[in-house]
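Take a look at the letters that make up each chain.
4 protein chains.
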Amino acid sequence: MAPDAAAADVDAVVALVESTGGEAFVSRGVTGVYDPVSGREQARVSRVVIGLVGDVDQLEALNLQAMRGVAKVKRISTQHKLVSREHHPERSVVHVGGVPIGPDTVTLMAGPCAVETPTQTLAAARMAKAAGATVLRGGAFKPRTSPYAFQGLGERGLRILSDVRDEVGLPIVTEVVAVEDVAMVASYVDMLQIGTRNMQNFSLLQAVGAVGKPVLLKRGMNATIEEWLMAAEYIAQRGNLDIVLCERGIRTFETATRNTLDISAVPVVQRLSHLPVIIDPSHSGGRRDLVLPLSRAGVVAGADGLIVDVHPQPDLALCDGPQALTAGDLQELSRSVAELTALMGRRMAGHARHERRRLAG
Amino acid sequence: MAPDAAAADVDAVVALVESTGGEAFVSRGVTGVYDPVSGREQARVSRVVIGLVGDVDQLEALNLQAMRGVAKVKRISTQHKLVSREHHPERSVVHVGGVPIGPDTVTLMAGPCAVETPTQTLAAARMAKAAGATVLRGGAFKPRTSPYAFQGLGERGLRILSDVRDEVGLPIVTEVVAVEDVAMVASYVDMLQIGTRNMQNFSLLQAVGAVGKPVLLKRGMNATIEEWLMAAEYIAQRGNLDIVLCERGIRTFETATRNTLDISAVPVVQRLSHLPVIIDPSHSGGRRDLVLPLSRAGVVAGADGLIVDVHPQPDLALCDGPQALTAGDLQELSRSVAELTALMGRRMAGHARHERRRLAG
Amino acid sequence: MAPDAAAADVDAVVALVESTGGEAFVSRGVTGVYDPVSGREQARVSRVVIGLVGDVDQLEALNLQAMRGVAKVKRISTQHKLVSREHHPERSVVHVGGVPIGPDTVTLMAGPCAVETPTQTLAAARMAKAAGATVLRGGAFKPRTSPYAFQGLGERGLRILSDVRDEVGLPIVTEVVAVEDVAMVASYVDMLQIGTRNMQNFSLLQAVGAVGKPVLLKRGMNATIEEWLMAAEYIAQRGNLDIVLCERGIRTFETATRNTLDISAVPVVQRLSHLPVIIDPSHSGGRRDLVLPLSRAGVVAGADGLIVDVHPQPDLALCDGPQALTAGDLQELSRSVAELTALMGRRMAGHARHERRRLAG
Amino acid sequence: MAPDAAAADVDAVVALVESTGGEAFVSRGVTGVYDPVSGREQARVSRVVIGLVGDVDQLEALNLQAMRGVAKVKRISTQHKLVSREHHPERSVVHVGGVPIGPDTVTLMAGPCAVETPTQTLAAARMAKAAGATVLRGGAFKPRTSPYAFQGLGERGLRILSDVRDEVGLPIVTEVVAVEDVAMVASYVDMLQIGTRNMQNFSLLQAVGAVGKPVLLKRGMNATIEEWLMAAEYIAQRGNLDIVLCERGIRTFETATRNTLDISAVPVVQRLSHLPVIIDPSHSGGRRDLVLPLSRAGVVAGADGLIVDVHPQPDLALCDGPQALTAGDLQELSRSVAELTALMGRRMAGHARHERRRLAG
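Chains as they are written, first to last, in the working numbering: chain A, 1 to 361; chain B, 1001 to 1361; chain C, 2001 to 2361; chain D, 3001 to 3361.
Next comes chain A alone, as it looks inside the complex:
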């Protein structure tokens, strides 16, 4: 739709298509705009796309191009229509609490694998912020292979994350594992993560697609790139285009690393889809000593960001301690990543406020 299309214009297109037995899926990308009065970010719809499914001849007969508010009608043959680059040639920017993730920036997200205590979470958040990270990660719901492993603090963990955000000022991304928790989790955080084991939990994908918060969609450890984009399409179909894809390693026969980071996936996905792609160098390797080289590799392969585990005391971590960085590790990583980011002609993503100052200054 055109940038100035009204809601009524959109409704009119949908009604017409449905009248012929077709289906219409409306997706909106939302841009956070910094409001200097409130000091908070306001959401503004930046893109509206309507995906149509139905008989091609019938749809063509509708002459949609002539309708008010319609910018362009395009026939798309790939199975992942809404997230495809064929459908939306410019690469997208997704905003998380004012922090952009997209083609001009590299966004550093850091935080503890699992929220354990207020003290540990606050310490980790300060480590993240001090090193230049601009999004805080932290798990309150942990899907674990064994039912006897630590499953996360649940809503208590979300309250800790929320308090830490108020204290430290970083937007939060956290995993959601059940449809019934989606609205509750969304009320606490800035971005919802779909974990690797839930990449084909289609009802969960649809639920996060409907809730109106950006989504971080991790690749299933056994998912092809095609299946991953299809999973994103499930979210987009429910009206949410603010999706960031995260490559986190695939399952192979190699046992020296927990999973095998598929570094090629970054450029391959960016060719097929307009969505941003980041990498998780912590979970893919499962080893602290690999986080730095894999982060570097991700940035120069074109990744739009990184999400890494940090912990004030990795040896005491309740989850994935062997891969968590210390404060010093993270600062070294951040320095190295910043150098490479500049070399790639990009900048490290800051909060909108600082971006503004930067541009003004």
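Hints were generated in silico from the structure; no laboratory data involved.
The structure presented is a predicted model; accordingly, all values stated were derived computationally and were not measured.
Keep in mind that the hints are not guaranteed to be accurate.
Reference excerpt, derived from the structure (chain B facing chain C, CB under 8 Å, subset only) [said to hold, decoys possible]: (1) A1256; (2) V1266; (3) G1285; (4) D1289; (5) A1297; (6) V1300.
To list a few chain A residues with every Cβ distance to chain D over 10 Å, as calculated [said to hold, decoys possible]: (7) L16; (8) P143; (9) E167; (10) T326.
Ideal placement from N, C-alpha and C gives every residue a C-beta, glycine not left out.
Starting from the known structure of chain A, fit chains B, C and D onto it as the hints suggest.
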């Protein structure tokens, strides 16, 4: 617990364990008992197992062995306690609407991949019954890689299945894909299926664990056997031991078949777990011509049953037509499987009614 | 070529094709015919096939069909021409020292993974024969991942095998790992084995293709079925169609078994190629307890034979002891396999001598 | 051994060890030293290591430390002794015709996948040199999955390569596929390549280990890192420590790329082994558009070099055209790689002559 343990005995054990900070998970296996008066099957609890998690020394100090109703206290070191053979040395029998699945029988389940119309479903069910199948499979909720593929008829499909059961007399197994649907789906069918993409959807596992119907747990196409048993443990922990495992092919580099049936998984799992294991020769290969040889292979490798796709008109199927058997194919398969079953010293599983007659006669 | 085609006829076809810039590959299948005078088997060429590569229009213009000795000219589009079923619709029989491997029989091959001493080899051979095996396997050259592991006895091992054959009367199959050894190894044994690590050692494939002994071609543990048939094509192209394919497990993410037996490969290959296919249940699983169920599965999936490890004292074996069967295990396996073989409408393969008596009797 | 150990000292150690029933493997690293008189490089032995295998107690009783020329006796528990970092803590430098491959440099190797004609090879070599590559790659023996695909020009191709080297001045690496060709190939080129399909062709590994030229050992597409190092150990055991490892993608379920570049393998191997590691971004992805991002990723992950396909007319290439770079692509890659190399605190590897001038200037 002892066979004659009362509910109060179970509660007493749980209360004592929890008083020390430990956790107690009560699981029950339910046997369907045919009631000649109502002509229906009544559920009877046949096994009660309480899994304990906590500090080993503290748990030992409780002297649980001395409590009323306690048959045996056993320390289990594997991570999948409740489903392990270490915990329950005899192989279990699970009953689905009066039909046993277990070590003495081979159970043939057949039906359409997807419920499309009442006519198609009834025709497929009659094909199944005529060939000797004793459980009807049929999908009403279809998790599909693409959001644009046929997703199943939903509750309408369940009503069709239910009507067909009344007409034909076969108990039904169907997939459930969302926590919020579990109770509704359970109200229509005899067994709930967890599909390959949801094997690590832990909230769904917990939901089917709590609803009191037998569960068919398909192996994730990328799941190790260890992870598969852990997924079963999630169900068992919520109190449900009536779990049947289904090997349906794993993802490998080979492209001649859709997935690679891991035939070794049958004996390997039977060594580790007391739960019954069946195979799905239709989805693993994805080719009609492989269904017969893989079914045979499954039976002689020790599988406790088979679940196969049939369709009255495979060419018109909305889902997985290339692998669906015709009526003639299914009869040939059934004959061959029956011969091999006898050779293995087992019998084809029939409904309790007929079993009774068989034993009486 | 026609059964009565003369060598000169074959040469004439080759000369004509080469004169136009094309290539011609002559392959022969050899049948062992029992000679009652010498008590030994004589080789007789049973099939001659000439594979042509070149410009299709030019080859058609040659009118080869009219040449003397030519039975049929056929255009083949698959990449594996000589071994394809398109090229040779009837399934082939390969004879190893008088023992058939083909569609009417199931051939049991057994023996020690590695030849260690004359005593151990003789004991294993007697175990094999007593249980009804009709081909003896035994390794003298062992390709091992580590250069510090036992590498086999080399030619000394071949002499032991040869002595044991004279003593026990079973033809021998053994692995060859180097081009320079092919002629020497072929002088001692009845069938040459190409191991999984050498499946794409193309110069070795060509060498065994030229030496005139039947070849057992194991599937590479990472090879697709397409690549496996291509490897067979390398052998066939050098003039040898007496190839038996052996499925021995592929590499997957599963760690409960050494490799994953791809049981589907048996019917899939039999559709694509006329060559016999056997399975190796010992190396695929790497566990003694899986040999019996996998052997059964192989037979009913249509395998033309089995090759299993036996050892008089598995605990002392220098190679793969954990998977070797004892004498009792092998007899149980043989009984079970014989029952299933009969059910499949086949017979256990015996030596030509006994076959003759059987047919005569 | 100490740097000044004499041949007699080495022999004395070997003799003593063998006298106790142990085995001793002598390996030498050779450094090319530029001789200003001849204008050519002379080989000088730079490291001598003797690997011992045998009874640990007996070996300890020998008191080898006291023998003349012995620098250090060390007990090594890993299976890959000679190539392990435990055994040789400093990372090694391997010289190819005067060009170093090691921890201080990044070496760019480029050339055609297959040598087709003198003109094409010369054009590709000039493209390589113009862009700053310092080693020329080119295949004369091509192991192809299909026997009907172009197999390379053989010795004729080697003569072309040799002529091009004289013309352009770049040392050459080429693949060898058969034991019987090793000496002949080594007489033409500066470095021998073992391809992915031959990584476990142990007799070929031993042959190149004995011939005294540096070896480029590609990882098997299905080989674990452990198996890859074991393959290197086979070469080292025959006396050759001048081995460069090359990660070229592993086989996974993903089909968007030909293979999956295992970028983690670079730092993982460098931790376990002292040998240099390079990557092949052309064969791993199989797509031209991935060569640049994967090359960058390799350099910042710590790779010691790159080997890439170039072709003057990729559309006409007889082998792997879709992945070959054009002249412009290669120059862009070279500029980008040089920037990243500097950032990593390394330099692009030049020929010894130029290195000398650089150091002198």
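Against the structure, the hints:
no., hint, verdict
1, A1256, "holds, 5 Å"
2, V1266, "holds, 7 Å"
3, G1285, "holds, 5 Å"
4, D1289, "holds, 7 Å"
5, A1297, "holds, 4 Å"
6, V1300, "holds, 4 Å"
7, L16, "holds, 37 Å"
8, P143, "holds, 22 Å"
9, E167, "holds, 35 Å"
10, T326, "holds, 18 Å"
In this structure, every one of the numbered hints holds.
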